[in-house]
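Following the hints, position chain F against chain B.
The lines below spell out each chain.
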Amino acid sequence: MKSLRRYYIFIIFLGVLVGLTLVRRDQYMRSLAQTPADVGTVKVLTEKLEGKENVSRINVMFRTGTAQDKVEAISSLAMRIYIKGQDSASLQIVDKGANESDKIEISSELPVGEWRFPVNFVTKNEDGIVIDFAAINITKDGYLSSEYRKLATFYIKNDKEESDFDLTFDNELSFMYSKRRPTTNIWDATK
Amino acid sequence: MLNNIYYMSKKSGLTASFANIIGVITLILGVFGGVYLVQKEQDITNKASEIKEHKVVVCHRTGSDSNPWVQIEVSENALNPHLEHGDIQGNCPSQKKDDEGKDDKKDDKGGGGQGGVNLGTNVTVVNQVVAEAPEPLPEVRYVYITTRLDFWVKFQGIDSKKKNKSVRVIFRNEDELHVYNKVIVTSDAKGVYKGVITDIRPGTYEVLVKGDGYLQRMFENIIIKRGVNIYYWNDRELLAGDFNSDNILELKDVAELLSVYNEEINPVQTGFEVFDLDLDGYIEIKDIELVLINFNQLKLVGEE
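Chains as they are written, first to last, in our numbering: chain B, 2 to 192; chain F, 3 to 306.
Isolated chain B, as found in the complex (with noise of 0.2 Å):
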């Protein structure tokens, strides 16, 4: 019966070892899971403006996540755009009404009450056009969606319908925060 003492004894102990390494092991993949780089993405999409040729709309959609299962919160999000054309002079951002903004449109459809949009300006130089956008989301918690979200719509009047405009991102002011320590920029400028 003693050998029967012992017996428990070394189960218990090899239990313990188990679950040392399947934690451990746990641990360690969903540390390479939840590492936060490169999962968040900001896209562009842009269309004529019915009824108005010479204006395209260009929604500005972003998500934090490539997967239900590997998407992280944000706290926060900037970008700075610039907009070339042939004839960059011809370029010019216009509000829905097609009248020259220094502004662009915040989207709609982000909760209310729980973002803070603190720059938002166009410039406009003999290079084209610049633009500055910065959101922050206040809540506790951050936001996350491994969906495409509108976050701005901006709108580019084009005097002359034959040239094109190229949008690029500028990859040293346009970041996405995550919200947990240590605050790590996981926009993925490659997407």
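One thing to keep in mind: the hints can contain errors.
[Stated by the list, open to error] Which stretches of chain B does chain F cover? Using the computed rule of at least three CB atoms under 8 Å from a CB of chain F, they are:
#	region
1	72 to 80
2	134 to 142
3	153 to 159
[Stated by the list, open to error] What follows is a set of in silico ranges between Cβ atoms, one per label pair, in the way DEER data are often shown:
#	chain 1	residue 1	chain 2	residue 2	range
4	F	Q44	B	D70	55 to 61 Å
5	F	I295	B	V113	18 to 24 Å
6	F	Q299	B	K85	18 to 24 Å
7	F	I295	B	I107	17 to 23 Å
8	B	K151	F	Y284	42 to 48 Å
9	B	T22	F	I287	28 to 34 Å
10	F	S77	B	Q87	30 to 36 Å
[To be verified] From the derived model, a few chain F residues whose C-beta atoms are all more than 10 Å from chain B:
#	residue
11	H84
12	L85
13	T148
14	T188
15	E265
These are computed hints drawn from the structure, not numbers from a lab. These numbers come from a predicted model, not from an experiment. All C-beta atoms, glycine included, are put in the ideal place defined by N, C-alpha and C.
Just chain F, lined up with the frame of chain B:
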């Protein structure tokens, strides 16, 4: 418990197979025990590492003639040992004569850091901690051999008497640069802070004042003479939001603040005091709103 099972098994003459079942159950219990223990340990480790994460910028004295100063980021816990070795708290200040090409500052990684700064070796760093000095006697009948500067500053968001703070004060002219890393300032009932620095070399300076979590302010044509010098700088308050001390307010700083805006940190815990801008003991939406007032462009550089 093990003994009980053992004696119960013995008493009732259990078969070996039943003993095996008990063994399996014990194994499962053991696994759960292991899991629980490791998770507990992991939680503690996570908490500890979270507290260690807050990093600040220091201007590090390398000792090399060719590259005497370098701007680096260190953990807040490691700040004091760096200062004791003659490092400068916060971003590397530029010397006045190097300021000509200041327009390129936006490209500097550290906003006055290693990119655009050519700090010489003739820099004095004083880790002087000066508490509020007693008021001078009304009729002074003796002559000051040395100098004394009494100055007043205001921190955005503080409008009533609060606990002491510390600021970095730099005196700069074409020939000299003197850095006082930790000058203790004391608030009055309206939240105006007073500080005192003694033994500054007489001369005319630009003075740069920077507080933890605040952007730097520059005050020009400050004349330091022998005796008591009085300057009120509280009409241009220090702007909140530079949490990593690189003298730039950008999204990274806002994100740092937002990352501690949650239930776990409040009331504000050790290591996170810099985010409690109004010093009310809590990191709240008020603190965030304060920073957002200043965050009206993607990169706001403090005065240099």
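Evaluated hints:
{"no.": "1", "hint": "72 to 80", "result": "holds (count 4)"}
{"no.": "2", "hint": "134 to 142", "result": "holds (count 6)"}
{"no.": "3", "hint": "153 to 159", "result": "violated (count 0)"}
{"no.": "4", "hint": "F/Q44 with B/D70: 55 to 61 Å", "result": "violated (20 Å)"}
{"no.": "5", "hint": "F/I295 with B/V113: 18 to 24 Å", "result": "holds (21 Å)"}
{"no.": "6", "hint": "F/Q299 with B/K85: 18 to 24 Å", "result": "holds (21 Å)"}
{"no.": "7", "hint": "F/I295 with B/I107: 17 to 23 Å", "result": "holds (18 Å)"}
{"no.": "8", "hint": "B/K151 with F/Y284: 42 to 48 Å", "result": "violated (34 Å)"}
{"no.": "9", "hint": "B/T22 with F/I287: 28 to 34 Å", "result": "violated (44 Å)"}
{"no.": "10", "hint": "F/S77 with B/Q87: 30 to 36 Å", "result": "violated (51 Å)"}
{"no.": "11", "hint": "H84", "result": "holds (20 Å)"}
{"no.": "12", "hint": "L85", "result": "holds (23 Å)"}
{"no.": "13", "hint": "T148", "result": "holds (45 Å)"}
{"no.": "14", "hint": "T188", "result": "holds (32 Å)"}
{"no.": "15", "hint": "E265", "result": "violated (6 Å)"}
In terms of the numbered hints stated before, the structure departs from hints 3, 4, 8, 9, 10, 15, listed from lowest to highest.
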